[in-house]
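The primary structure of each chain is shown beneath.
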Amino acid sequence: MTTRLFGEPVPRREDPRLLTGNGRYLDDLGRDALAAAFVRSPHAHARIRDIDVGPALDVEGLVAIYTFEDLPERVGRPLPLLIPHPALTHGRTAYPLAKDVVRHVGEPVAMVVATDRYAAEDACALIEVDYEPLKPVVGLEEAVQGAQLVHEDVPGNVGAHLVQEVAGADGRGAREAIEASPHTLAFRLDIERSASMPLEGRGVYARWDGRDLRVYSSTQTSTSVRMAVAAALGLPLPQVEVIAPDVGGGFGVKIVHPWPEEILLPWAAMTLGREIKWTEDRREHFISSAHERGQVQYVRVGFDDDGRVLGLDVTILHDHGAYTPYGIIVPIVTSTQLLGPYKIGSYRVEFSAVYTNTVQVTPYRGAGRPQGVFCMERTMDKIAWHLGKDRTEVRAANFIQPGEFPYDQGMTFQDGRPLIYDSGDYPEMLRMIKELIGWDDFERAPGRGIGIGCYVEGTGVGPYEGGHVQVTSDGRVHVSTGLTSQGQGHETVFAQIAAAELGVPIERVSVVTGDTRRFGYAVGTFASRAAVVSGNAIALACRKVREKALRIAADALEADPSDLQITDGLVHVAGAPGASIPLSTVAVLSNPLRYAFDEEAAKATQFSGTASPDRPPVAEEEEPGLEGRDYYSPIRSTFAAGMHAAVVETDPDTAEIKVVRYAVVHDCGRLINPMIVEGQIHGGVAQGIGGALYERMAYDSHGQLVNASFMDFLMPYATEIPHIETDHLETPSPLNPLGIKGAGEAGVIPVSAVIASAIEDAEGIEIDRMPISPSDLFALRSTHHP
Amino acid sequence: MKPPPFEYHAPRDLGAALQTLAEVRGKVLAGGQSLIPMLNMRLAAPEHLVDINRVAGLGGVERTEAGVRVGALTRHSELERAGVHPLLTKALKLVAHPVIRNRGTVVGSLVHADPAAELPAVLAVLDGSVRIARWEGSSPVERDVPAREFFVGPMESAVQPGELAVSAYFPSLGPRTGAAFEEVTRRHGDYALAGVCAVVTVNEDAHVTAARVACIGVGPVPVVVDVTDAGGQSAAHELDGDVAQLVQDRIEPEDDIHASASYRRHLVGVLTKRALRNAAREAETGGA
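Protein sequences, first through last, are from chains A and B. When we follow my numbering, the leftmost residue of the first sequence carries the number 285, and every step to the right adds one. When we follow my numbering, the leftmost residue of the second sequence carries the number 15, and every step to the right adds one.
No lab work stands behind these hints, which were simulated from the structure alone. Among the clues, some could well be false.
Stated by the list, open to error - Mimicking EDC-like on lysine to aspartate or glutamate, the simulated pairs with C-alpha atoms at most 20 Å apart in a straight line are:
| # | chain 1 | residue 1 | chain 2 | residue 2 |
| --- | --- | --- | --- | --- |
| 1 | B | K16 | A | D316 |
| 2 | B | K16 | A | D400 |
| 3 | B | K41 | B | D128 |
| 4 | A | K942 | A | E1050 |
| 5 | B | K287 | A | E940 |
| 6 | A | K832 | A | E905 |
| 7 | B | K16 | A | D342 |
| 8 | B | K287 | B | D243 |
| 9 | A | K383 | A | D334 |
| 10 | B | K287 | A | D935 |
| 11 | B | K107 | A | E1004 |
| 12 | A | K627 | A | E460 |
| 13 | A | K887 | A | E911 |
| 14 | B | K104 | B | D128 |
| 15 | B | K16 | A | D311 |
| 16 | A | K673 | A | E1050 |
| 17 | A | K828 | A | E911 |
| 18 | A | K832 | A | E904 |
| 19 | B | K16 | A | D312 |
| 20 | B | K287 | A | D937 |
| 21 | A | K828 | A | D914 |
| 22 | A | K942 | B | D204 |
| 23 | B | K104 | B | D204 |
| 24 | B | K16 | A | D565 |
| 25 | A | K383 | A | D336 |
| 26 | B | K41 | B | D65 |
| 27 | B | K16 | A | E344 |
| 28 | A | K828 | A | D847 |
| 29 | A | K887 | A | E907 |
| 30 | A | K832 | A | E911 |
| 31 | A | K383 | A | E353 |
| 32 | A | K419 | A | E436 |
| 33 | A | K627 | A | E677 |
| 34 | A | K383 | A | E436 |
Kindly produce the complete structure, drawing on both the sequences and the hints.
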């Protein structure tokens, strides 16, 4: 491959468009569409006695008002439970519009359609809903008491209960191993809720032309929205197309589907015969989309004098909010990824997915891993503290060694497949992070501490993605894949892959994602999977195209295909630069024509003399056109890893916490574009610092989210994020053709653990609860040094 | 997040503005940095909005030896750049972020009377005043309200429906006087969890002759405490613990989701000492 593009820091090709205001986001579309707005429950838990739309009927511009009773049977069904699991014995999902009972503040009760959003909101304000308030269930440990129920038919508010246990080599279970250990510790950890908070909220724009339905959605999965919409509306799949336009961030919340609005808007568009658009506002995003993170963990650990873990027993209460549309993926990920880069003697993990009268919980970047890593890394620090050992020494004593891959952790991962790590080098990574942060030379002082955190991340989950690559007669290369983009840089990295595989300049490659008109089969963008699964699919599709191109060119050049190379879009005989043919001409020759539309096309017509008269114009087992389609379906996930370290300073007087340095060593296998990987890490670390020091969902005892705005939900600004120092280790994945692993979620995963470790080091006070604010640290100091 | 319907008025001169206000009693729109979000979140639903941005003669910064008069349309950034009052300049750098300071007005911030905002504390510690105008009969009437009467409660000032705050007056610091503003915020530019603004005057022997602080975020209005006597004519650098205690006794901090009352009380102690020390140091070196 002479065109060196794979592995290069190619500048993001989408940036000029996105950074100059030329992106086309959901709300940029459908200027003439009617606007929808929603009446949402002001109560965390209430029975709906009556809805009186009468007072709203006089609003100028009102087109329609819908409540649950107006929905046809098919449309009014509970939303699908997307990922069923045998342990999810009491899965519950919401209705598109509330039926009888509301279970969290923000649940949609009525939809208003009007000529514009102002009128729609005016009408919403006038609809009178008569609620009978019920006692809300708020707080995990209160919820499992079961005194009040979120769903009448779910006893104890427990939707799912799952125990996984991996016995040690001696066959002993974790509890037995802990009893027999020379040292044991027990503690409780607490992690608060946060949320994805993309810059652009959700949004849906639906158009019905009397026969075909087109839906634009700010989604992470257009193919799956398409199937869900077709099913809910009873439409044949070919009559429905779903397009994700430019999407301003997703971070997990937009993988959930169909959202009520994704069913209701298309249905109303068909019913009214009008285009309708709904753009979520920030308050709606806070109270009616999804949150994540909230867990309480009870940990027992047994270990030997070297800090080697002999048994680990973790019980997790996972706050699922009011519904479980995305199944129990988050607690499954927490409980399996908790093990990190370590060989744990024996492990028992038990979780309960608990309903509360709060916004539903679905994956947010990291998807349960930050909680698992917090648990394991706090455990490692506590072991070190207990034994008076260096924290990195205890970790090193527990590492899986480079010679032990593939390493089977003996559990079932979120893809239903065995948790087998494919590759990695954790001791080398530890050496690198210690060097990068200067661990051994760190000068400890009161109010100045250093912390570390390690993680392993299962990435690139299946079942599959596909890629389609077409070379047109102008020499341009058109790549499409079904999964969607939310700003990650897919237009750049997929183009790099295609340009490198085909030997064409990257300028000639264009990439389309998330448009079901272009590619109908896909899963979606989540779980750090786009580069791994679509990237490999595109590479495989390119290889098909390349093979065909060489076959056609070999014919034309009267050469052997194995002697041919493609450089700069030119197929040529290796070592004989004179004998060449441009890919554009190969594309022309690949498609025998009867009619010419330009000079180039004339070469493919019947009297041009280019085709052999002894064969049919399209040979057997050939297809016209220079294009290829292929799929990549991984046998199981590929496991990326990282280690972070930070230096933190705490103010002795004000208890303010400042992250002074932050260092990351990261291994996502072969790097396609180091600049994009670093960008992903930077963004992830920033979100992680948000989760560690700033962000929480402040529910009061009535189930009201009291900080549902950017005034009071504190996301860090650039001023709160330190310079991030990064280094890369590349242990290629043996599982896929490109040897790559996912990187999207990496940055966020260990941050809470790292910051807790550093604050603990600075203060000499155990940190068991995140996030931590200056006020919290002041309170801890007051308790420890009264 | 769209506001409910309102009638929009855009008077061109002060008389018209006051007459409109007298007639419709609407909300005044100046910089809009608090009002617009409240409208969009439907937390406020005024029937009339009186936009004063086109009213002539309401802008400007007027400086005399005695003090600075700031017009109702003067943006934070304009006053910050003017650099006409050392304490105001310090405080303005703590107000939110540059984009907000480019739009938000100084007088608007005073009228909004957020107990955690910086500018009310500056007006209070300096014993400044706000000039309020209204239409009466066939002509405008003005009154000057001193800071101690201007801040009535959280988000409540002495400006009555139908009235317009036309300017604010910030007295100069005077000779051998220094000032400081210390606060703790969760993030850069946020409203303070607690803050202390201090003004200290020393005599030629560097002994304190006057010392006042105003605290924000720890009471319904800025809490002004004269600590001159508690300082006991001490050398400036000795202003310390007892003074902090005196101030802490006067505040009424509350718990909220960002900080506990006891943490805020603790902060006021720390920040009082820091602010007094820094103000005294500035006074000793010749004043601001």
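Legend entry - Hint numbers contradicted by this structure: Result: no hint breaks.
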